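Participant: As a plain string of letters, each chain reads:
There are 2 protein chains.
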Amino acid sequence: MTIRTIIAATLALATSAQAAPDDRIAIAAKLRDTALAGNPAWPLLVDLTDSVGQRLAGSEAEARGRAWAKAAMQKLGLVNIREEAFPITFWQRGQESARVLGSNHSLAITALGNSGATPAAGLTAPVACFDTLAALRAAPDAAVKGRIVFIDHRMTVTQDGSSYGINGGVRRAGPAVAAQKGAAAVMIRSLGTDHHRNPHTGSTSFPAGTPAIPAVALALPDAELVGRLCARGPVQVHLVSTPTSQPGQSANISGEIPGSVPGEIVVLGGHLDSWDIGQGVFDDGAGVAITLAAAATIKASGQQPRRTVRVVLWGSEEIGVVGGRAYGEAHKQENIVLAGESDFGADRVWRVESRVAATGLPLFSEIAAALAPLGVQPQPGNDSGGGADVGPLAALGSGVLELAQDGTRYFDYHHTPDDTLDKVDRAQLDQNVAAWTTAIWLAASDDRPLRTKP
Amino acid sequence: MTIRTIIAATLALATSAQAAPDDRIAIAAKLRDTALAGNPAWPLLVDLTDSVGQRLAGSEAEARGRAWAKAAMQKLGLVNIREEAFPITFWQRGQESARVLGSNHSLAITALGNSGATPAAGLTAPVACFDTLAALRAAPDAAVKGRIVFIDHRMTVTQDGSSYGINGGVRRAGPAVAAQKGAAAVMIRSLGTDHHRNPHTGSTSFPAGTPAIPAVALALPDAELVGRLCARGPVQVHLVSTPTSQPGQSANISGEIPGSVPGEIVVLGGHLDSWDIGQGVFDDGAGVAITLAAAATIKASGQQPRRTVRVVLWGSEEIGVVGGRAYGEAHKQENIVLAGESDFGADRVWRVESRVAATGLPLFSEIAAALAPLGVQPQPGNDSGGGADVGPLAALGSGVLELAQDGTRYFDYHHTPDDTLDKVDRAQLDQNVAAWTTAIWLAASDDRPLRTKP
Numbered sequence: 001m002t003i004r005t006i007i008a009a010t011l012a013l014a015t016s017a018q019a020a021p022d023d024r025i026a027i028a029a030k031l032r033d034t035a036l037a038g039n040p041a042w043p044l045l046v047d048l049t050d051s052v053g054q055r056l057a058g059s060e061a062e063a064r065g066r067a068w069a070k071a072a073m074q075k076l077g078l079v080n081i082r083e084e085a086f087p088i089t090f091w092q093r094g095q096e097s098a099r100v101l102g103s104n105h106s107l108a109i110t111a112l113g114n115s116g117a118t119p120a121a122g123l124t125a126p127v128a129c130f131d132t133l134a135a136l137r138a139a140p141d142a143a144v145k146g147r148i149v150f151i152d153h154r155m156t157v158t159q160d161g162s163s164y165g166i167n168g169g170v171r172r173a174g175p176a177v178a179a180q181k182g183a184a185a186v187m188i189r190s191l192g193t194d195h196h197r198n199p200h201t202g203s204t205s206f207p208a209g210t211p212a213i214p215a216v217a218l219a220l221p222d223a224e225l226v227g228r229l230c231a232r233g234p235v236q237v238h239l240v241s242t243p244t245s246q247p248g249q250s251a252n253i254s255g256e257i258p259g260s261v262p263g264e265i266v267v268l269g270g271h272l273d274s275w276d277i278g279q280g281v282f283d284d285g286a287g288v289a290i291t292l293a294a295a296a297t298i299k300a301s302g303q304q305p306r307r308t309v310r311v312v313l314w315g316s317e318e319i320g321v322v323g324g325r326a327y328g329e330a331h332k333q334e335n336i337v338l339a340g341e342s343d344f345g346a347d348r349v350w351r352v353e354s355r356v357a358a359t360g361l362p363l364f365s366e367i368a369a370a371l372a373p374l375g376v377q378p379q380p381g382n383d384s385g386g387g388a389d390v391g392p393l394a395a396l397g398s399g400v401l402e403l404a405q406d407g408t409r410y411f412d413y414h415h416t417p418d419d420t421l422d423k424v425d426r427a428q429l430d431q432n433v434a435a436w437t438t439a440i441w442l443a444a445s446d447d448r449p450l451r452t453k454p
Numbered sequence: 001m002t003i004r005t006i007i008a009a010t011l012a013l014a015t016s017a018q019a020a021p022d023d024r025i026a027i028a029a030k031l032r033d034t035a036l037a038g039n040p041a042w043p044l045l046v047d048l049t050d051s052v053g054q055r056l057a058g059s060e061a062e063a064r065g066r067a068w069a070k071a072a073m074q075k076l077g078l079v080n081i082r083e084e085a086f087p088i089t090f091w092q093r094g095q096e097s098a099r100v101l102g103s104n105h106s107l108a109i110t111a112l113g114n115s116g117a118t119p120a121a122g123l124t125a126p127v128a129c130f131d132t133l134a135a136l137r138a139a140p141d142a143a144v145k146g147r148i149v150f151i152d153h154r155m156t157v158t159q160d161g162s163s164y165g166i167n168g169g170v171r172r173a174g175p176a177v178a179a180q181k182g183a184a185a186v187m188i189r190s191l192g193t194d195h196h197r198n199p200h201t202g203s204t205s206f207p208a209g210t211p212a213i214p215a216v217a218l219a220l221p222d223a224e225l226v227g228r229l230c231a232r233g234p235v236q237v238h239l240v241s242t243p244t245s246q247p248g249q250s251a252n253i254s255g256e257i258p259g260s261v262p263g264e265i266v267v268l269g270g271h272l273d274s275w276d277i278g279q280g281v282f283d284d285g286a287g288v289a290i291t292l293a294a295a296a297t298i299k300a301s302g303q304q305p306r307r308t309v310r311v312v313l314w315g316s317e318e319i320g321v322v323g324g325r326a327y328g329e330a331h332k333q334e335n336i337v338l339a340g341e342s343d344f345g346a347d348r349v350w351r352v353e354s355r356v357a358a359t360g361l362p363l364f365s366e367i368a369a370a371l372a373p374l375g376v377q378p379q380p381g382n383d384s385g386g387g388a389d390v391g392p393l394a395a396l397g398s399g400v401l402e403l404a405q406d407g408t409r410y411f412d413y414h415h416t417p418d419d420t421l422d423k424v425d426r427a428q429l430d431q432n433v434a435a436w437t438t439a440i441w442l443a444a445s446d447d448r449p450l451r452t453k454p
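As you go down the protein sequences, you meet chains A and B in turn.
At position 315 of the first sequence the residue is numbered 315 (the working numbering), and the sequence of numbers has no breaks.
At position 373 of the second sequence the residue is numbered 373 (the working numbering), and the sequence of numbers has no breaks.
Hints in this document: simulated from the structure, not taken from any laboratory.
Everything numeric in this text was worked out from a predicted model, so none of it was measured.
Please note that the accuracy of each hint is not assured.
For identical chains, the list gives no copy identity; a pair is met inside one copy or between any two copies.
[As the list claims (entries may be wrong)] Straight-line C-alpha distance at most 25 angstroms; calculated SDA-like pairs for lysine to any residue:
| # | residue 1 | residue 2 |
| --- | --- | --- |
| 1 | LYS332 | TYR164 |
| 2 | LYS181 | VAL127 |
| 3 | LYS70 | GLY102 |
| 4 | LYS453 | GLU96 |
| 5 | LYS181 | ASP447 |
| 6 | LYS145 | GLU224 |
| 7 | LYS75 | ARG232 |
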């Protein structure tokens, strides 16, 4: 299906009636059901996946993703389409392989973003095995120096994704801890919940003064093998990982449905960049397609919101959340009253969360009521984190809308070669669009203050 | 756990009583329950996997697998341990990669056994897309010549594995059909039922006079991508696959529990070789461990069977069933009354099948009754194929025992990098051992004729 037929299909669903402001709850229900009945998220996601593919931050493909996004916004009827560039460090994977010496065990590995390189021919070292990051921290330098550190921490399945927060430090900080103790390289058990030979990449970082040593993730079956081999006796590994870093550029893309009362903006979006080893579908082509489709559904309805609805598609989220930070900095003078991102796959929204001024809480009661038929429950409290890309806006005082997705299988695919189109359940994708359409309409047709800071 | 502690644990379960022949049904029930309560299959499978790893036919690793097997047989108390060598063509994978030109789509591929090589730098050609092998057969040569043929047939999940038989021709014959029409190379949708980026290898063959062109399988997500791209317009692929073939050697390993009445042999076993891209666990480390553990359970019971029980661990099954053919030829004068193989993973036995002389059918009623508590049902009829390695023995007149395993998830892992230890459900593995122990004991303690030919 082409973009032209997608938009034609969407427009066919449009209502031409202009409703009075006090009809906004009824309109929300109608928009929700319209989105459920048909919206362009799926064909957009297929088109982005097939015509652009993976979109590593800083790459030519990410730039093609931006061109795709601008064309899609234009065809969906968004206006004020902008591209805002910012500099990044362009990290690219090189060769990568690993094998256990004295055996025929090859290990399925993937380099971590920002990690350093082995010599081109690789390095060979004994493996120092640790069950947890805490055990590595507690180890004397002599147990680590010159070795390949292996950290075999376990991550469990959680619906809300909280296990990623709890275990994420192993990937983000573990390599630097090992480097500070003189390790030659680091291998971690992937931050993942599947058992396929598809390791989970992701970013790490090294503080100034700490050498960026080679750091890779092992697929879970491979981590379990290394764990068993460690229990049998000394293990030596030959590791090749030759990534490079150079100055590069990325950009954020945005487009709007202008509000009837200028000066208040509601932001929704996802990130355009992806990891390089999959197709960038669950992370985060889905968020791009969901939020574009939600805006398109509102636009196609002919209902003009009071507040401006702006879709922002961030660049370079995966390696350093550079796009989200740049966006916050560039737009800190704007009155962005509410911001939300879709960046947790394509499975159903199960919970709505907020962080808004007290004056905004009645709006969230309306949103929760309108989303209940979609199987979405309200989260008590008013302290949503919002997500990586909206974090800088939230820190500046924007209210936060979070439509939390079911993460039960998210970390089976996250940051792996398995992040491919076939993983998407189209009915759940459409439920996401319905939820975003409904919540954004209710927020954008409202006038109650939402910002947590002036 | 070492082999020494494994066998110690097994011997601890032994009964020392020598039962009279008419107790054989009661002994079968006792052996079944003994095997379920504890047997050495799991530690054997862990040890084979970790200390040897994958065992490509003809490789140094397959030879280490044979050394492991002989040592295991000795420690488990089998005698008359033999190694019988035979020549093979030693096919080895080289470099392999594929990408769609004009995009950043890399394709997850694996070369098929016996396939030919591209130039070292690869080849680039337009893709000719076919939904089925029949469509390729029907195509004019002009639609194929110089192209990379893509066959996108679909395989469905079947409990009995019948879909592999129905679809297997695409892999076995498809490349030769394409070669005869002048194709440059062949890509098939993997013969698999998963959706991971782990393509399924397997053998193909080229008749004399047909050039062995490069032939690879795509992971299912990649096949679906190519299928979608074909629907969008012309597709060009750059393919690298550089396998080599050379003369090599493999061997079969066997060991026995001698029967009290010489001259009648019951064979059970699995194949020692595996594909190179996984760990060779489901295919067929499991069969090796299951049948060794079944023999060990009988041996450890102290009950001597009437007929000799022989465990045969075949070499080079994956590439040409060379070991099974060599074994049949070398043992065609022997009175092998019954033969069965375990070569369908590690999931539960759900059905018992036979192909024996009419005089043997009462034995199979006894076997079915003894296996019913394990959830095994009898298959009507008496026409079991038996499997690849016992096929040559069956053709010579040996009766066939088939303990059919549940194949529902077998083709998620079969011939992929995902054939790893974590996929094994230990309770189901033990159920297999119990079934084999029971059936083999009943057959080996019996005297009714089983052969279908003299």
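Participant: For each hint, tell me whether it holds in the structure or not.
Facilitator: To see whether the hints hold, each was checked on the structure:
{"no.": "1", "hint": "LYS332 to TYR164", "verdict": "neither (29 angstroms within a copy, 60 angstroms between copies)"}
{"no.": "2", "hint": "LYS181 to VAL127", "verdict": "within (14 angstroms within a copy, 52 angstroms between copies)"}
{"no.": "3", "hint": "LYS70 to GLY102", "verdict": "between (53 angstroms within a copy, 21 angstroms between copies)"}
{"no.": "4", "hint": "LYS453 to GLU96", "verdict": "neither (47 angstroms within a copy, 56 angstroms between copies)"}
{"no.": "5", "hint": "LYS181 to ASP447", "verdict": "neither (55 angstroms within a copy, 70 angstroms between copies)"}
{"no.": "6", "hint": "LYS145 to GLU224", "verdict": "within (23 angstroms within a copy, 46 angstroms between copies)"}
{"no.": "7", "hint": "LYS75 to ARG232", "verdict": "between (61 angstroms within a copy, 20 angstroms between copies)"}
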